[in-house]
Amino acid sequence: MTDARPTEVVARVRVEPKGFVVEVQRGESLLAAAERSGFAWPTVCHGQADCTACYVEVIDGAGAFGAIEGLERDALERLPERRINPDRSFRLACQIRPTGDAVVRKRGVRSGL
Amino acid sequence: MVATQPIRPAVPADPGAHEHDAELIARYAAVGRELLPRERFTSPEFAALEAERLWTRVWQIACRVEELRAPGDFVEYTIIDQSVIVLRTDTGLRAYFNTCPHRGTRLAQGCGQFRGEIRCPFHGWRWSLDGENVEVLDRHEFAPFDDAEIALQDVAVDTWGGFVFVNLDPAPMPLLEFLDPVPAWLDAYHPERMRFTQHTTTVFEANWKVVVDAFNEGYHIAATHPEVLRWKDDAALEYEVFHTHTRYGGAGEPVPSPRLGLDADEIDHQEILALKIQDLIESLPGYFGDDDLRAMREVQRTPLPEGMTAGEFYLGRRRNGADARGLDWSHLTDEQVLGGDDLLIFPNFLGPIVAGGWFTYRVRPNGTNPDSCIFEIWSLEELREGEEREMVERAFVPDWRSRDWGTVINQDFRNMPAIQAGLHVRGPGLRLGKRQEMTVRRFHEVLDRFLFGLES
Numbered sequence: 001m002t003d004a005r006p007t008e009v010v011a012r013v014r015v016e017p018k019g020f021v022v023e024v025q026r027g028e029s030l031l032a033a034a035e036r037s038g039f040a041w042p043t044v045c046h047g048q049a050d051c052t053a054c055y056v057e058v059i060d061g062a063g064a065f066g067a068i069e070g071l072e073r074d075a076l077e078r079l080p081e082r083r084i085n086p087d088r089s090f091r092l093a094c095q096i097r098p099t100g101d102a103v104v105r106k107r108g109v110r111s112g113l
Numbered sequence: 114m115v116a117t118q119p120i121r122p123a124v125p126a127d128p129g130a131h132e133h134d135a136e137l138i139a140r141y142a143a144v145g146r147e148l149l150p151r152e153r154f155t156s157p158e159f160a161a162l163e164a165e166r167l168w169t170r171v172w173q174i175a176c177r178v179e180e181l182r183a184p185g186d187f188v189e190y191t192i193i194d195q196s197v198i199v200l201r202t203d204t205g206l207r208a209y210f211n212t213c214p215h216r217g218t219r220l221a222q223g224c225g226q227f228r229g230e231i232r233c234p235f236h237g238w239r240w241s242l243d244g245e246n247v248e249v250l251d252r253h254e255f256a257p258f259d260d261a262e263i264a265l266q267d268v269a270v271d272t273w274g275g276f277v278f279v280n281l282d283p284a285p286m287p288l289l290e291f292l293d294p295v296p297a298w299l300d301a302y303h304p305e306r307m308r309f310t311q312h313t314t315t316v317f318e319a320n321w322k323v324v325v326d327a328f329n330e331g332y333h334i335a336a337t338h339p340e341v342l343r344w345k346d347d348a349a350l351e352y353e354v355f356h357t358h359t360r361y362g363g364a365g366e367p368v369p370s371p372r373l374g375l376d377a378d379e380i381d382h383q384e385i386l387a388l389k390i391q392d393l394i395e396s397l398p399g400y401f402g403d404d405d406l407r408a409m410r411e412v413q414r415t416p417l418p419e420g421m422t423a424g425e426f427y428l429g430r431r432r433n434g435a436d437a438r439g440l441d442w443s444h445l446t447d448e449q450v451l452g453g454d455d456l457l458i459f460p461n462f463l464g465p466i467v468a469g470g471w472f473t474y475r476v477r478p479n480g481t482n483p484d485s486c487i488f489e490i491w492s493l494e495e496l497r498e499g500e501e502r503e504m505v506e507r508a509f510v511p512d513w514r515s516r517d518w519g520t521v522i523n524q525d526f527r528n529m530p531a532i533q534a535g536l537h538v539r540g541p542g543l544r545l546g547k548r549q550e551m552t553v554r555r556f557h558e559v560l561d562r563f564l565f566g567l568e569s
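Protein chains in written order, with this note's numbering: chain A, 1 to 113; chain B, 114 to 569.
Derived from the structure by calculation, the hints contain no laboratory data.
As the structure is a prediction and not an experimental result, all values here were calculated from the model.
Misleading hints may appear alongside valid ones.
Said to hold, decoys possible - Selected chain A positions facing chain B (Cβ under 10 Å, derived; list incomplete):
#1 P17
#2 A40
#3 P42
#4 T43
#5 C51
#6 A53
#7 D74
#8 R78
#9 P80
#10 E81
#11 R83
#12 G108
#13 V109
#14 R110
Note that the Cβ used here is the ideal one computed from N, Cα and C, for glycine as well.
Construct the entire structure; sequences and hints are all you get.
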């Protein structure tokens, strides 16, 4: 087992439909990784699991996101998209800390370039 | 009408002339200040000023006409320590101070029906519904007096839009003059054809003005109701202020807020409409009847016609629905059908108003305690011309935390005690945004007109 340095990329998350790829470092949330990389990601509460604006739909690689717990679970309970599409899979970008590659769908993400 | 003693002196003719008033203005005034003093919300002295100078002479909503259908029907309207009987006589509506001219006993309580006359339970004195004395038991006991001296004391009463207003000032300005321009904005909604679907009262541990201010702007939507941003462009809300009242509204088009960063081609109209309807259903439990709920769920499931926006589709459905129910929306603009208006009828009545239904609030101080208020939800539905409905049961919820009020209202309520508690803590005056909080500032300026004679 190697000691990964804090800045090592542990996950590459592709964000559809625009196809952006966000490189995520160890322990980083998807939202933080995206912002660090210069993307504008929809949020109002900036990581407090309150506004749900940062939500993503999980397309592939759900296992990379870990279990749903605590604040994220409460927020997902009231996520409007989940209430009208109960059979689709949603997570909060500000709470998930990817440990492997995945594909998500999120509209409203803008590249800083 | 019996001549009565004025309860309080009129507005101080020259506020600056009274040293005490100059002191009060320095301590509490909002007019001419960038930051509003916190003490307006927490000080018992300010609450006493309101009791003495606002509530004694402002037109205030006491009840709705539909609560007074038959002669003898009455509603007791209370404000701080004053109580007014509002009733229907054989010839119209009257209002009296709720106190016996003999030894002061309260004559009626709550809502009910006088059986042909008003009778004091203590010594049995009686009055006609018109307030004229009919009997004094053992009148010979008393030094002679005219009947006029023991008539029930009139309170000014008038109506607009199905609302019954009272004014404790014996010679108030005409109601319509006070209300201008509210009727111009709201008559098209046919408020006189509205009937209660809900009348719920609860108590908050917050100053009444905290609650009015909280509902009187859309600036709080982003942080308090963030999921609403999916279907409401909060930045597009319009704000305007009038001489006494205020308005915000519009932004009825179901489009997402720019805060969510969506490009035009990323907007899924179908989903937005579905989200809006889901939110309405969850936010307003008990507001929509089964027919409405069915219609709304059907809209959620119906694919939008090619090239049609959610707004166009929803507008069409709403107008068709109104036609089918026999409602006349011909004088309502598309904006009023989709988005509506939120008018503050100074000092204490406001809430979202949209074609077909109002979801409005009345707030009153709870006695003289600045940290408590009586809050009511009055939800109203428009009926067809000539259609009638029984008055709903009035609910009292002593502990607001004991109930689920729906997502949006839960979010608003959660703020109230936190605001009041925070206002007690030492800190700077309240800083108000120029546009999105102009309605809040205006409310406080108008209050200063009543309290201190300050114009703005």
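Going through the hints against the structure:
Because the smallest distance between the Cβ of P17 (chain A) and any Cβ of chain B comes to about 8 Å, under 10 Å, the interface hint for this residue holds. With its C-beta approaching chain B no nearer than about 6 Å, A40 (chain A) sits inside the 10 Å limit, and its interface hint holds. This hint holds: P42 (chain A) has a C-beta 5 Å from the nearest C-beta of chain B, less than the 10 Å allowed. The interface hint given for T43 (chain A) is met, as the beta carbon of that residue sits about 9 Å from the closest beta carbon of chain B, less than 10 Å.
Annotation: interface hint on C51 (chain A) holds; nearest CB of chain B at approximately 4 Å, less than 10 Å. With its C-beta approaching chain B no nearer than about 6 Å, A53 (chain A) sits inside the 10 Å limit, and its interface hint holds. Hint on D74 (chain A) is violated. Least Cβ distance to chain B is approximately 13 Å, over the 10 Å limit. Interface restraint check for R78 (chain A): the shortest CB-CB distance to chain B comes to about 7 Å, inside 10 Å, so the restraint holds.
With a cut of 10 Å, the hint placing P80 (chain A) at the interface with chain B holds, because the nearest CB-to-CB distance is about 5 Å. Look at E81 (chain A): its Cβ gets to within about 7 Å of chain B, closer than 10 Å, so that hint holds up. Taken as an interface hint, R83 (chain A) checks out: its beta carbon lies about 6 Å from the nearest beta carbon of chain B, inside 10 Å. Because the smallest distance between the Cβ of G108 (chain A) and any Cβ of chain B comes to about 4 Å, under 10 Å, the interface hint for this residue holds.
Here the hint on V109 (chain A) is kept, as its CB sits about 7 Å from the closest CB of chain B, short of 10 Å. Annotation: R110 (chain A) was flagged as interfacial toward chain B, and the flag holds, the nearest CB pair being 6 Å apart, inside 10 Å.
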